[in-house]
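Since the structure of chain E is provided, determine the placement of chain S with the ligands on it from the hints.
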Amino acid sequence: MMDRYTKLQIVGIYACLAIFLTFILLPFFEMFMASLRPLEHLFRSPYQFWSDDFSFDAYKQMWVTVPLLGRYIFNSIYISFMVTGLTMIFVVPAAYAFARLQFPFKNATLGIFLGVNMFTGAVLLIPLYRVLRTLGLLNTYWAMIVPGVAFLIPTGIWLLRSYLEKIPRELEEAAFVDGASRLYTLRRVVLPLATPGLIVVGVAVFIGAYAQQFLFAITFNQTRELQPLPAGLYEFIGYQSVTWNEMMAAALVGVLPVMIIFLFLQKYLVAGLTAGAVKE
Amino acid sequence: MATLDLNAISKSFGSAKVLHDISLAIEDKEFVVFVGPSGCGKSTLLRIIAGLEEATSGLIIIGGEDVSNAHPVDRGISMVFQSYALYPHLSVYENIAFPLRVQKLDAADMDSRVQKAAAILQLTDKLQLKPGQLSGGQRQRVAIGRSIVRNPKVFLFDEPLSNLDAALRGDMRVELSQLHRELDATMVYVTHDQVEAMTMADRIVVLNGGRVEQFGTPMELYHHPATKFVASFIGQPNMNLIPASVAGVDASGVMVELDGGHRMALPVASSTVSMGDKVEVGIRPEHVNMGDSGLDISVNVLERLGGTSITYGTIGNGTRFCAALPGDAAIEEGRNLTLCVAPENCHVFDANGDVLRRQAAPEMVA
Ligand SMILES: Nc1ncnc2c1ncn2[C@@H]1O[C@H](COP(=O)(O)OP(=O)(O)O)[C@@H](O)[C@H]1O
Ligand SMILES: [Mg+2]
Numbered sequence: 001m002m003d004r005y006t007k008l009q010i011v012g013i014y015a016c017l018a019i020f021l022t023f024i025l026l027p028f029f030e031m032f033m034a035s036l037r038p039l040e041h042l043f044r045s046p047y048q049f050w051s052d053d054f055s056f057d058a059y060k061q062m063w064v065t066v067p068l069l070g071r072y073i074f075n076s077i078y079i080s081f082m083v084t085g086l087t088m089i090f091v092v093p094a095a096y097a098f099a100r101l102q103f104p105f106k107n108a109t110l111g112i113f114l115g116v117n118m119f120t121g122a123v124l125l126i127p128l129y130r131v132l133r134t135l136g137l138l139n140t141y142w143a144m145i146v147p148g149v150a151f152l153i154p155t156g157i158w159l160l161r162s163y164l165e166k167i168p169r170e171l172e173e174a175a176f177v178d179g180a181s182r183l184y185t186l187r188r189v190v191l192p193l194a195t196p197g198l199i200v201v202g203v204a205v206f207i208g209a210y211a212q213q214f215l216f217a218i219t220f221n222q223t224r225e226l227q228p229l230p231a232g233l234y235e236f237i238g239y240q241s242v243t244w245n246e247m248m249a250a251a252l253v254g255v256l257p258v259m260i261i262f263l264f265l266q267k268y269l270v271a272g273l274t275a276g277a278v279k280e
Numbered sequence: 001m002a003t004l005d006l007n008a009i010s011k012s013f014g015s016a017k018v019l020h021d022i023s024l025a026i027e028d029k030e031f032v033v034f035v036g037p038s039g040c041g042k043s044t045l046l047r048i049i050a051g052l053e054e055a056t057s058g059l060i061i062i063g064g065e066d067v068s069n070a071h072p073v074d075r076g077i078s079m080v081f082q083s084y085a086l087y088p089h090l091s092v093y094e095n096i097a098f099p100l101r102v103q104k105l106d107a108a109d110m111d112s113r114v115q116k117a118a119a120i121l122q123l124t125d126k127l128q129l130k131p132g133q134l135s136g137g138q139r140q141r142v143a144i145g146r147s148i149v150r151n152p153k154v155f156l157f158d159e160p161l162s163n164l165d166a167a168l169r170g171d172m173r174v175e176l177s178q179l180h181r182e183l184d185a186t187m188v189y190v191t192h193d194q195v196e197a198m199t200m201a202d203r204i205v206v207l208n209g210g211r212v213e214q215f216g217t218p219m220e221l222y223h224h225p226a227t228k229f230v231a232s233f234i235g236q237p238n239m240n241l242i243p244a245s246v247a248g249v250d251a252s253g254v255m256v257e258l259d260g261g262h263r264m265a266l267p268v269a270s271s272t273v274s275m276g277d278k279v280e281v282g283i284r285p286e287h288v289n290m291g292d293s294g295l296d297i298s299v300n301v302l303e304r305l306g307g308t309s310i311t312y313g314t315i316g317n318g319t320r321f322c323a324a325l326p327g328d329a330a331i332e333e334g335r336n337l338t339l340c341v342a343p344e345n346c347h348v349f350d351a352n353g354d355v356l357r358r359q360a361a362p363e364m365v366a
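Chains as they are written, first to last, in our numbering: chain E, 1 to 280; chain S, 1 to 366.
These are computed hints drawn from the structure, not numbers from a lab.
In this text, all values refer to a predicted model and were calculated from it rather than measured experimentally.
Don't take every hint at face value.
Said to hold, decoys possible - From the derived model, a few chain E residues whose C-beta atoms are all more than 12 Å from chain S:
#	residue
1	Glu-40
2	Ser-55
3	Thr-109
4	Met-118
5	Ser-162
6	Val-177
7	Val-203
Stated by the list, open to error - Each computed DSS-like pair below joins lysine-lysine, with the alpha-carbon atoms no more than 27 Å apart:
#	chain 1	residue 1	chain 2	residue 2
8	S	Lys-29	S	Lys-17
9	S	Lys-104	S	Lys-153
10	S	Lys-130	E	Lys-267
11	S	Lys-153	S	Lys-116
12	S	Lys-130	E	Lys-166
13	E	Lys-166	E	Lys-267
14	S	Lys-104	S	Lys-126
15	S	Lys-116	S	Lys-29
16	S	Lys-126	E	Lys-106
A virtual CB, placed ideally from N, CA and C, is assigned to each residue, including glycine.
Extracted from the complex, chain E is given alone in its bound form (with noise of 0.2 Å):
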């Protein structure tokens, strides 16, 4: 077989992984810490790994400093499922459309799409203010969700297309033959065999979402009662002193959620991204 290594591959491969995952975690370690020390310990020098006075104090005082810190991380999580929702409502018959059908500047398409990606929401806040303020939308959930939808669907068409392009296309056509319309040969032929590659892109759409909610947050909504958790972590900023221990750990609370769905889709995502054995 093909991952049959030697020894010294294999420590060499685990010390690369190491490295890698103390990027990705440290952060996530540090601000744990940070959440279990007394305020006035984070400014004492020299910096102490561990003191005895450690307490999860914090996680009880954030709610009473920012009040509506259960509000804000259901607003978080809200915005990014809506999001995720209506993404996959365009995305599916969009990416489907890419990769079986012809029809004129279907690459044009596709490469104006790409092109979209390559602008952040930032640069277009402005014009983007103006139109929701022409809906009437500023200051609602629809500010947070309809840009982000908007901006997470090219990257949810390249994802999905490719994906369906793999899936044998004479299955589809023995199902035409056999009288099935596309919807319905969308629907029990081509999207339960796409299964794991919608998780994917569904996936990858939410952790956009919740990416890119902060900045629309704080420009296109005001109503303190709608904001999500990012934007409603800066109230642990005080006037005199920020509560750093008390947002760690509300940050952490925040993506707790997110981070349990994911230890449930794991199996699906690590399917999904070796996918291609759809051919029997």
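Chain S with the ligands in isolation, oriented as in the chain E frame:
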């Protein structure tokens, strides 16, 4: 069940013309095989009949009805694909039931039809499995099962056996012939394997470069190949083709001088050739015997198969020649050998590759 008529079908992909003016009349309940080398347009023609591909021009008539623009289901065809095209996420039962679910057939009717198809194909105890859990031959049968539940008028098969190993292919050939008899349906079968064509077909269509070379029964093609292409495609081992020139013409046939100087008087239609024309003489390996006078061949390679000895060598100025001789014939590699061949067993092809019809050959056995 129904007849299938193709009327001047042509097909181009962009500027590449892959089918040229193909007309065929296939009879009710006939098993017709399209055979030809890879890339000659067999699949394209089949897909046009199925309605998966649109002909550039021409008509498709099934059971007397013009279906050139009809949906596959309305044509009354069903198709078995080379890759089987089974739905990997559905059970065998659901795979077979798929066309019926599309039709929204009621559950009892559907179940009885699926069970019947499964019984015919010996899949009854496999119905709950997924295609991935089946062997190649079983998958093939599921694909056939899916095509028979709808009771189509015409069955289309695109190289259904090419993914199976040799032994299984032989078994499936027999099963398919049996199925044809049981279902009493019109079947069109595509293959590049002339053995499949010869063994299963009522009639064979030989395609070459998007044109029909010949349409006839297997024995017609064997005894009266219309062109050099058909002659060399049908029959195992392939027919020998020896360059020759016309040394004399009369009403009873032509006198040819083979490469190497051997002269033979062959009883073939002689009206289209004249003295000195270049022709090719076709001799099937199984039509030569060892003798005292005739063709001199120097043997290069000898394959003893038991029943026969396939002998490869050269005659004249290096023209390759193959002979199928008795299993224990006294032959050795590196030796010379004299072979005789009956003049009535020889084929003659003119410079265009068209045959001069043999006059003494067996008339058509049905
Ligand atoms: N969709 C297509 N687009 C362009 N050319 C095609 C297409 N399908 C088939 N061809 C060409 O048509 C010719 C016949 O193909 P095909 O019918 O698949 O041959 P066969 O089944 O006899 O091997 C080939 O030269 C092939 O390259
Ligand atoms: Mg083919």
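*Once the closest CB in chain S is found, is it more than 12 Å from E/Ser-55?*
Non-interface label stands for E/Ser-55: nearest chain S Cβ at 52 Å, farther than 12 Å.
*Hey, does E/Glu-40 actually stay past 12 Å from chain S on C-beta?*
Consistent with the label, E/Glu-40 stays out of reach of chain S, its closest Cβ about 59 Å off (over 12 Å).
*Run the C-beta distances from E/Val-203 to all of chain S and say if the shortest one exceeds 12 Å.*
The assertion about E/Val-203 holds, with a minimum of 21 Å to chain S.
_Hint check: S/Lys-130 vs E/Lys-267, CA-CA at most 27 Å. Holds or violated?_
With a Cα-Cα distance of about 21 Å, the restraint between S/Lys-130 and E/Lys-267 holds, given a limit of 27 Å.
*Holds or violated: E/Lys-166 to E/Lys-267, with C-alpha atoms at most 27 Å apart*: 20 Å, holds
*For E/Met-118, is the shortest beta carbon distance to chain S beyond 12 Å?*
E/Met-118 is indeed farther than 12 Å from all Cβ atoms of chain S, at 34 Å.
*Holds or violated: S/Lys-29 to S/Lys-17, with C-alpha atoms at most 27 Å apart*: 31 Å, violated
*Holds or violated: are the alpha carbons of S/Lys-104 and S/Lys-153 at most 27 Å from each other?*
20 Å, holds
*Holds or violated: S/Lys-153 with S/Lys-116, Cα cutoff 27 Å?*
Roughly 18 Å separates the two Cα atoms, so the pair holds.
*Should the label of E/Thr-109 as a non-interface residue stand, given a Cβ cut-off of 12 Å to chain S?*
At about 22 Å from chain S, E/Thr-109 clears the 12 Å cut-off, so the statement holds.
*Has the given pair, S/Lys-126 with E/Lys-106, been kept, meaning a C-alpha gap of at most 27 Å?*
44 Å, violated
*asked:* What's the verdict on S/Lys-116 and S/Lys-29, does the C-alpha distance respect the 27 Å limit or exceed it?
replied: With a Cα-Cα distance of about 21 Å, the restraint between S/Lys-116 and S/Lys-29 holds, given a limit of 27 Å.
Checked against the numbered hints listed earlier, the structure breaks hints 6, 8 and 16; every other hint is satisfied.
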